[in-house]
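There are 2 protein chains.
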Amino acid sequence: METPKPKRTAEEIYKQACTVIPGGVSRNTVFRRPCPHYTASGSGCYVTGIDGVRRIDFANNMAALIHGHIHPAITGAVIEQLQKGTAFTMATEVEVEFAQLLCDRAPGFEKIRFVNSGTEAVMAMIKASRAFTGRPKIAKAEGAYHGTYDFAEVSQTSNPSNWGDIDRPNSVPLVHGTPQGVLDDVVVFPFNDIERTIAILNRLAGQIACVLIDPIPHRVGLIRATREFMEAVYKWTRENGALLAFDEVVTFRTNYGGAQEDYPVRPDLTALGKIIGGGFPVGALAGRSEVMKVLDPRESKVLFPHSGTFSANPITMTAGRVAMELFDREAVLKLNALTKTAVARIEEAVKIADVPVSVTGAGSMFRIHLKALPPTTYREAYQTAETAALVNELLDYLFFSENIVLINTFACMFSTALSQNEVDRLAEAMLKGFRLIKPKLEILQ
Amino acid sequence: METPKPKRTAEEIYKQACTVIPGGVSRNTVFRRPCPHYTASGSGCYVTGIDGVRRIDFANNMAALIHGHIHPAITGAVIEQLQKGTAFTMATEVEVEFAQLLCDRAPGFEKIRFVNSGTEAVMAMIKASRAFTGRPKIAKAEGAYHGTYDFAEVSQTSNPSNWGDIDRPNSVPLVHGTPQGVLDDVVVFPFNDIERTIAILNRLAGQIACVLIDPIPHRVGLIRATREFMEAVYKWTRENGALLAFDEVVTFRTNYGGAQEDYPVRPDLTALGKIIGGGFPVGALAGRSEVMKVLDPRESKVLFPHSGTFSANPITMTAGRVAMELFDREAVLKLNALTKTAVARIEEAVKIADVPVSVTGAGSMFRIHLKALPPTTYREAYQTAETAALVNELLDYLFFSENIVLINTFACMFSTALSQNEVDRLAEAMLKGFRLIKPKLEILQ
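For the record, the sequence lines run as chains A and B.
First residue of the first sequence: 43, per my numbering; consecutive thereafter.
First residue of the second sequence: 43, per my numbering; consecutive thereafter.
In case anyone wonders, no lab produced these hints; they're calculated from the structure.
The model shown is predicted, which means the values in this text are computed figures rather than measured ones.
Check each hint, because a few of them may be wrong.
Stated by the list, open to error - In silico BS3-like links for lysine-lysine, alpha-carbon gap of 25 angstroms or less:
#1 B:Lys277 / A:Lys343
#2 B:Lys57 / A:Lys335
#3 A:Lys474 / A:Lys382
Claimed, not checked - Only some residues are given here: those of chain A computed to face chain B with a beta carbon under 7 angstroms:
#4 Gly84
#5 Gly86
#6 Thr128
#7 Cys145
#8 Pro149
#9 Gly176
#10 Gln249
#11 Arg340
#12 Ser342
Said to hold, decoys possible - Derived coverage of chain B by chain A (criterion: at least 3 residues anywhere in the stretch with Cβ under 8 angstroms from a Cβ of chain A; other residues may be distant):
#13 88 to 101
#14 110 to 119
#15 137 to 149
#16 355 to 368
Just so it is clear, CB atoms sit at the ideal spot from N, CA and C, and this is done for glycine as well.
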């Protein structure tokens, strides 16, 4: 097909990349100076860079790979499906089997629809909420990331210069040129702050289609919604005809049935993505039959007509089905236990190094904060430029000197391919890293 | 991994599907009564149903498969990549190679960014247009389909009861509960109608970020934008500081460098999808460097921060690169010539059967209309319920009696896997089909 190309360095590839891709990166998450890391291959919990160096992968494509790289059962099933085709204009049986499998995992998943990304899942969830209630507005937590649909992006990166009074946080656009109409239809509340949130919601009662909540929002600090907060919001939605819409694109990994398993209240709708694709592009919207009916093409008036060329394609369905079969109750518990060990080991390292560092998280994910007390709100978790620079220094140290890959927010998203060995390596590397940045860290406090 | 399941009928699968998926379908395009078709496998230009029947595929997953099913070069390259991994938190070289390949195909593609679907591509294009111009509104053609981003969905299915005066077509929501702010920020124009379109645009001059145009919009009738119309709109955008944004998700297949090759004007931005993924979920935004710069994370103020877990994943990049390498200038010309033969043969059948039927299209795609004169506008192309029922009858006849699969709008999207043999079969089947529906068709006129 093609003549083999001479191997290039990251600098060489990036130089070409900058001539054809804005900033040379297809995703801003992989951007770094002087140039991005380029990966040649992955296997289990390891990724090998184009520099030939093998590193432990604690990032797993931004939390999307629950079994690490090239799990043989997933790869085998995908190769089998590849011989049959990747996409058809017609339906396939595997989408029904996979829909059934996911619906069986959480009592709130009465019906499900597949899309191609978490972004599409959240967009479909918001549109379904509007279609069901006939209302235009949504409420979301300040600082929470929910993909790239502009309504869901409001106040994702609010900062002290624009976030406004905590009693009425501003609706801050992420993208320049966001229409005022978008900002007007999104109301922002402070996560886990019951009194303020209810007061904010009350002001718009009757106009809110859904309250959008990631139960453990990464960018808010990877802190759990308290049970009391969730119950208060749920109660408010019941009293005010709004839907409770969970974004579990990331958090579904925390339990067999997602983070919602930890709460006595059940969301009306849930957006899924990441791990349910088995390494392939995926998203899904699950929820109560009564609400999901807005999508039903059998209805005389279809309130929410919806399609998608690659939605429920049999490759994603096959990979996802095998991945989720493997991620059974036992595998979830085992992975969460391993992650707990890692957190304990890192907290030990924090003590030994005597640094002002804290850890937050749940299930198979955690995030490390360069402050003694873990943040409890987005505004507390907000990083100054100095802290962000120090995080980057630490990430670089871990990557280049310790051969360890983390998520760029200084977070780990575990995979079942990891074992105690890699956890030990992580804890040792962290201890060295903490000692390295300690002088700078102490100045920051 | 699992015990083999007994084979089920479509009715049995669909019965289960309805218990877990709204309407039992993951995409409304595959919905049909009494139940959807389920595909077992595909190979070249053939798909085999779960009923064991092999059919000729003229739909190619809604125009997405330019080489039909399981092309050995694509499958081989994907299997090779599968052994290396499907997705990483880091960049890969293949995204740069593929970006280069696509940028080399059209002079307007100075820079490119990958996303996961045509929907995401159009959404990114609209957001980039707003970010570049700082303006909130977009203009789009009545009846044109541009994916599921709500701004792009406005007036996609306008009908006589709500489309309003042609001088100022209404902004009609597709999804119930669409915010008024969305409708207010989308202005709708009649495709190919220079005078009315310019008058409509002039009313909002200074507020329009981009004029969104599919150069050969499928649902408007699969008719080409006239050269004069495109020049007039282009001129208007130059004079009024707006961008010309092409949706070439479907039409890129029509030439080596897309439908834009046929016009003397060049769009500022182009949304891509479908065939460029080689059968895997894909989307892309390409365009002028100056505009694409809004995405550049190296800028001190990033006007349009953008990321995506599966964007530019190496499986899609690999499949897409091989598919597009194979779809070289010669392959494009050959495929377009074959399609032309098919159209000629069908027009012959129309004459022989003496039915009021016409054909529109371009490149490797065409659409058949149950009216003597081809539609020239969306309002002319609009199907009554009676016509739609007759189209469905014909589609069913072709599917079950002739073993031929078309797109449900009565359109064909050719693949390079097709040959004169299948074209002959199509023409013969069409002739029989036309004769079958002739009595009903004559009543409709």
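We went through each hint and held it up to the structure:
1. B:Lys277 / A:Lys343: violated (41 angstroms)
2. B:Lys57 / A:Lys335: The given pair, whose Cα atoms are some 16 angstroms apart, holds under the 25 angstroms limit.
3. A:Lys474 / A:Lys382: Holds - the C-alpha atoms of A:Lys382 and A:Lys474 are around 20 angstroms apart, at most 25 angstroms.
4. Gly84: holds (4 angstroms)
5. Gly86: For A:Gly86, the interface hint is violated, since the closest Cβ of chain B sits about 10 angstroms away, which is over 7 angstroms.
6. Thr128: holds (4 angstroms)
7. Cys145: Hint on A:Cys145: holds, closest Cβ of chain B at ~5 angstroms, below 7 angstroms.
8. Pro149: violated (13 angstroms)
9. Gly176: holds (5 angstroms)
10. Gln249: violated (10 angstroms)
11. Arg340: Status holds, d = 5 angstroms.
12. Ser342: violated (12 angstroms)
13. 88 to 101: holds (count 5)
14. 110 to 119: Our answer is that it holds, as 5 residues pass the Cβ test (under 8 angstroms) against chain A, meeting three.
15. 137 to 149: Holds: 5 residues of the stretch 137 to 149 of chain B have a Cβ under 8 angstroms from chain A.
16. 355 to 368: Contact hint for the stretch 355 to 368 of chain B vs chain A: holds, 6 residues under 8 angstroms.
Consistency with the previously given hints fails for numbers 1, 5, 8, 10 and 12, ordered from lowest to highest.
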